[in-house]
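Chain P: place on chain L using the hints.
Chains L and P supply the protein sequences, listed in that same order.
Read in order, the letters of the first sequence are residues 86 to 701 in this note's numbering.
Read in order, the letters of the second sequence are residues 86 to 701 in this note's numbering.
Some clues are possibly wrong.
A pair holds if it fits inside one copy or across any two, identical chains being indistinguishable in the list.
Unchecked claim - Here are the simulated lysine to aspartate or glutamate pairs, EDC-like style, with alpha carbons at most 20 Å apart:
no. : residue 1 : residue 2
1   : K598      : D554
2   : K642      : E496
3   : K654      : D681
4   : K344      : E682
5   : K654      : D643
6   : K598      : D558
7   : K344      : D681
8   : K642      : D681
9   : K497      : E448
10  : K497      : E136
11  : K654      : E571
12  : K350      : E682
13  : K621      : E114
14  : K654      : E682
15  : K102      : D220
16  : K205      : E217
17  : K344      : D468
These are calculated hints, taken from the structure and not from any lab test.
2 protein chains.
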Amino acid sequence: MFKGGYKGKILFVDLSKKEAKVHELSEEEAYKYIGGSGLGALYLNRLSGPETDPLGSDNPLIFMTGPLTGTKVPLSGRHQVITRSPLTGILGEADAGGYWGAMLKRAGFDGVIVAGASEKPVYLWVHDGSVEIRDASHIWGLDTYEADEAIRKETDSKMVAACIGPAGEKRVLIAGIMHDGRDARAAARCGVGAVMGSKSLKAIAVYGEEPISVADEDGLNKSLKEMGPIIVKEGKGLGKYGTAGAIVTIEKVGDLPVKNWVEGKFEGVEKISGQKMVESILTGRFYCASCLVGCGRKVRVASGRYAPVDGAGPEYESLAMLGALNLVDNLEALAKATELCNRYGLDTISTGAVIGFAIEAFERGLLTEEDTNGVKLKWGDPDIVIRLVEEIGEAKGLGRLLGLGVKRISEKLGGLACELAIHVKGLEFPAHDPRAYNSLGLAYATSNRGACHLQGFTHVFERSLTMPDLGFDEVQDRFGIEGKGELVAKLQDLMCLYDSLKICKFTLFAGVKLRHILQWFNLVTGWGVDLVHFMKTGERIFNLKRMYNVRMGISRKDDTLPPRILTLKRGVGGAADNLPPLNYMLADYYRYRGWDEFGIPTVEKLEELGLTKEFQ
Amino acid sequence: MFKGGYKGKILFVDLSKKEAKVHELSEEEAYKYIGGSGLGALYLNRLSGPETDPLGSDNPLIFMTGPLTGTKVPLSGRHQVITRSPLTGILGEADAGGYWGAMLKRAGFDGVIVAGASEKPVYLWVHDGSVEIRDASHIWGLDTYEADEAIRKETDSKMVAACIGPAGEKRVLIAGIMHDGRDARAAARCGVGAVMGSKSLKAIAVYGEEPISVADEDGLNKSLKEMGPIIVKEGKGLGKYGTAGAIVTIEKVGDLPVKNWVEGKFEGVEKISGQKMVESILTGRFYCASCLVGCGRKVRVASGRYAPVDGAGPEYESLAMLGALNLVDNLEALAKATELCNRYGLDTISTGAVIGFAIEAFERGLLTEEDTNGVKLKWGDPDIVIRLVEEIGEAKGLGRLLGLGVKRISEKLGGLACELAIHVKGLEFPAHDPRAYNSLGLAYATSNRGACHLQGFTHVFERSLTMPDLGFDEVQDRFGIEGKGELVAKLQDLMCLYDSLKICKFTLFAGVKLRHILQWFNLVTGWGVDLVHFMKTGERIFNLKRMYNVRMGISRKDDTLPPRILTLKRGVGGAADNLPPLNYMLADYYRYRGWDEFGIPTVEKLEELGLTKEFQ
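Looking at chain L on its own, in the form it has when it is part of the complex (with noise of 0.2 Å):
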């Protein structure tokens, strides 16, 4: 039985069958894959493949915690939800902080898997240890705000619930799944939020009040003693001005996406910045469960132009693209855009990637105002990003396509568009400029979601921050070519060990070193791994992902980079001329990955880390 971390349960929802089961958790899976990312991606494997619709019913949308998740370690307030992308075709995954996940497990479950599709609109109810599929059509059309209220009312007033708006009701392909309604934690990317619609699944309410074990109690708070302050000090910058806090180094840097990737600086980047927002808008900051730092924004806007807005602020990544991309630099306007994008429930990376790119598309010739009912795209307006997140989450107007994301539309517009979509497998690029960091180009094209940071998280190491346990005592060197493989294949491997815990990235930001997340791990679980063990099984995880996808007919050829990144230089900013190396790159990440040619894990690969038997 588990000694710490785990209920050891998982909720099993049928919607078609309008019936539920509870699984027992495996011990030996969880050992082998621990929970959130890696645990749900060996459940996806299981319940999908090729043939899986993944607006179908039968594409299981998979919500897991992981051992952490819930318990006194910092920073752990986090879950993930893993299925089969409508956006990409792949595995698709999101994660998301706030309370849902430690709430679910304070219900009594680690996970629940979403199988099948209810005829009518439903709500799941889950609560001590049981569940009910309740009707939601009363909900059905309201925004998430708003139906986070209505379900409170029915439920309970501490519940927590992970709901979709109008965006994932239409099955747009860019939406996701918001929780903790007006703090709005968005477990946004690879279309989610679609997948649950298509389920006619509204939300998923939870509450509990079970304790959550720990095997090592004394142990675990003998060492938060000792890091809590260490991450209070060293997370004192993030939580005070939020991760928008960092975008006027990384406009200096040139990792900053602006005018759909063309240019390489931004004049009006002080405008949207984490100190501006200090200064204006800020009412308050987001704890997310267990949290030290506090780095989710609390802003209102009462009055002007863009006003009410009130609720969760812009992070980084919604400034970048929603505004910086696009050339907006009006702060209100971006904190409006994002509360509309909470509302709708989209992807605010997403959503400013295919807005920016419907603006240069129309500039250009390839959309004209017959697509567009009339009205001028153009660069640096705030109107028009506001107008076209409405009509991409109410699916109308222009937004029917853009709703579809950036490759599907440049497919549909055909010949130059396609130098126009900035994505790797179909998902776009959220807000790093791999021309800025090499590591960031081979860390888009080989993460298993699409183009990500947050899976290979190596740009950091090429910034400001050392990891002397895997080998890197310095940093590294941005613009340098050798070692990217390497750097790129052990940190992908160590943040699938951070998403299936599941415990924030922004850790090493506050002070926390891969040794503490490891004891930690062992502390909870009890199970007294070492850091090759550990490493082995971030591996582990990783490949079976990339497994599932090479059954959805990846390879090496998906393993690329948009030539407009590959080709451009920028010609300005800090990374003015630099471009990433990618071909010389991918052949070493394969050769340190122990994969073939065509960037498949072997059958002595798949041996080695015990994946053999899933996937014969």
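Below, chain P without anything else, positioned relative to chain L:
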């Protein structure tokens, strides 16, 4: 009026209407586009567009000589065939040596444009300034050697024919057009033979005795008297051993394609060398019109498994692509396979490529015995190569699939098969490896007909040659990164001139410098242009062709290399670990060319080159 070099007449035949006209050649256009590839592309751009079905009757098939063709200028016995390629969908062109071009001019024409399509098989009999459209029902189905003989009997013993074989008749997409009967001079690339077949045009037989005037006969004679002995001396090795005389060196530096571009060495290379051919099956040499080198091979295999073979012998490209690529080192078998390609009218390069693709696909389980009619495809088996050549030539069995070219085959098979398809823009790689010469990678990626070493011919300047006239005083670094954009752009412009004049690129190996080419051009035409003007003309032609492709939807996204070439280090041989730095080179190249980010000539560039009105 033309002072020399040109006949001033283009024969225009409409096979649908069964009528022929003679068009005056515009001196202004000849001055701007010279002839061959340049004028051919000009006409193609006017006569076709994105709506043109490459195998429909509206696709023009254009045969063009240049001002030097048929004159005493050494190695000038060449002509160009231009059409919209059914293999690639973009500009298709191929050129051949031999006597056809020279004879066409003696018959009174600089070129023949074939439009429309005949209902029944026909051939054209062009002689002494006139043309007859003749029934070809009785020769339809004959191979090119047989058809040449049959037409000769019906026309003139001294006629020269451009002719398709069964492959072209059956619209095999890798079919070429053969010339000079058993001497088998091939305009083979881009599926030009399939276009001829789609018009039910079996052959164009030409004969005439008109002299070709030269503006400054005395000047030309004087220059040739001086250069003749130099060419004979410098070209001696090439004449003695043929193009395959270099194959051992080519293998040594890692430039030879082995096992579908996977291996870096080929043990059997000496068995298929030009030297070995001299010692064994060589019976004589073939000189194209006005040639002083005679690199063409005549061979005979009178007995044994692969007899009879009698006629043109295999060139380097045929030995490398049918042989080394498939691990076949049996010279007699390769002579047989080459003769079969010649008789069927197949491109030996693309034929070797699709066979290598098929063997690898079979080995990896992507093709099965069901596809091969029970035959186990394997490396190094000459009989399998020969069998597949026959199936492709006759469009039967597996050959029906293979005749589509590697791009289409891989798309049909899907998934991993795309990783094995070594092409650019649908044209199979010729037998030089971009991992051995970086500039080749850029040249392949940007050549206007798809992967081609001849339209840049840059690798010879990274091997042994210099060209001080263009600023290349030293042999370039084949593994270098800097300067490749300029090298490739300048050489592509120059090769446009060679392909338009027309003159053989092997003059470069025979002591002929750029200044001689320019001198002869001026002596023949009397136009007195300088080097700057001359090179600008080459740039105009290159940009004209690029713009035609832009009309077809080509942009930066298509200027790429197959994943295998970008990422697979072969680990052994003379270029064991090099990978072409394509994205860097491409960025430099676009900048040097004055193209925009998407690889599209700017409005200013078109204006500068006088191309604006062609693209309005």
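These are the hints, each one checked on the structure:
1. When the C-alpha separation of K598 and D554 is checked against a cutoff of 20 Å, the pair qualifies only within one copy, where the shortest distance is 9 Å, while the shortest distance between copies is 61 Å.
2. Taking CA atoms no more than 20 Å apart as the test, K642 paired with E496 passes in both settings, with 17 Å inside one copy and 13 Å between copies.
3. In this assembly of identical chains, the alpha carbons of K654 and D681 lie at most 20 Å apart only when taken from different copies (12 Å versus 32 Å within one copy).
4. Proximity of K344 and E682 under a CA criterion of 20 Å is satisfied inter-copy only: 14 Å between copies versus 36 Å inside one chain copy.
5. In this homomeric assembly, K654 and D643 come within 20 Å of each other (Cα to Cα) only across copies, at 19 Å, whereas the closest approach inside a single copy is 23 Å.
6. In this homomeric assembly, K598 and D558 come within 20 Å of each other (Cα to Cα) only inside a single copy, at 13 Å, whereas the closest approach across copies is 56 Å.
7. Within a single copy, K344 and D681 get their C-alpha atoms only as close as 38 Å, which misses the 20 Å cut-off; across copies the closest is 17 Å, which meets it.
8. Proximity of K642 and D681 under a CA criterion of 20 Å is satisfied intra-copy only: 13 Å inside one chain copy versus 26 Å between copies.
9. For the identical chains of this complex, K497 and E448 are intra-copy neighbours only, at 18 Å inside a copy versus 36 Å across copies, given an alpha-carbon limit of 20 Å.
10. With identical chains, the CA atoms of K497 and E136 are at most 20 Å apart between copies only, with a shortest distance of 19 Å across copies and 23 Å within one.
11. For the identical chains of this complex, K654 and E571 are inter-copy neighbours only, at 17 Å across copies versus 26 Å inside a copy, given an alpha-carbon limit of 20 Å.
12. In this assembly of identical chains, the alpha carbons of K350 and E682 lie at most 20 Å apart only when taken from different copies (18 Å versus 38 Å within one copy).
13. For the homomeric pair K621 and E114, the shortest alpha-carbon distance inside one copy (14 Å) is at most 20 Å, but the shortest distance between copies (68 Å) is not.
14. In this assembly of identical chains, the alpha carbons of K654 and E682 lie at most 20 Å apart only when taken from different copies (9 Å versus 29 Å within one copy).
15. Taking the shortest alpha-carbon separations for K102 and D220, only the intra-copy value of 15 Å comes in at or below 20 Å, while the best inter-copy value is 72 Å.
16. For the identical chains of this complex, K205 and E217 are intra-copy neighbours only, at 15 Å inside a copy versus 76 Å across copies, given an alpha-carbon limit of 20 Å.
17. Proximity of K344 and D468 under a CA criterion of 20 Å is satisfied intra-copy only: 16 Å inside one chain copy versus 58 Å between copies.
In summary, the structure agrees with every hint in the numbered list given earlier.
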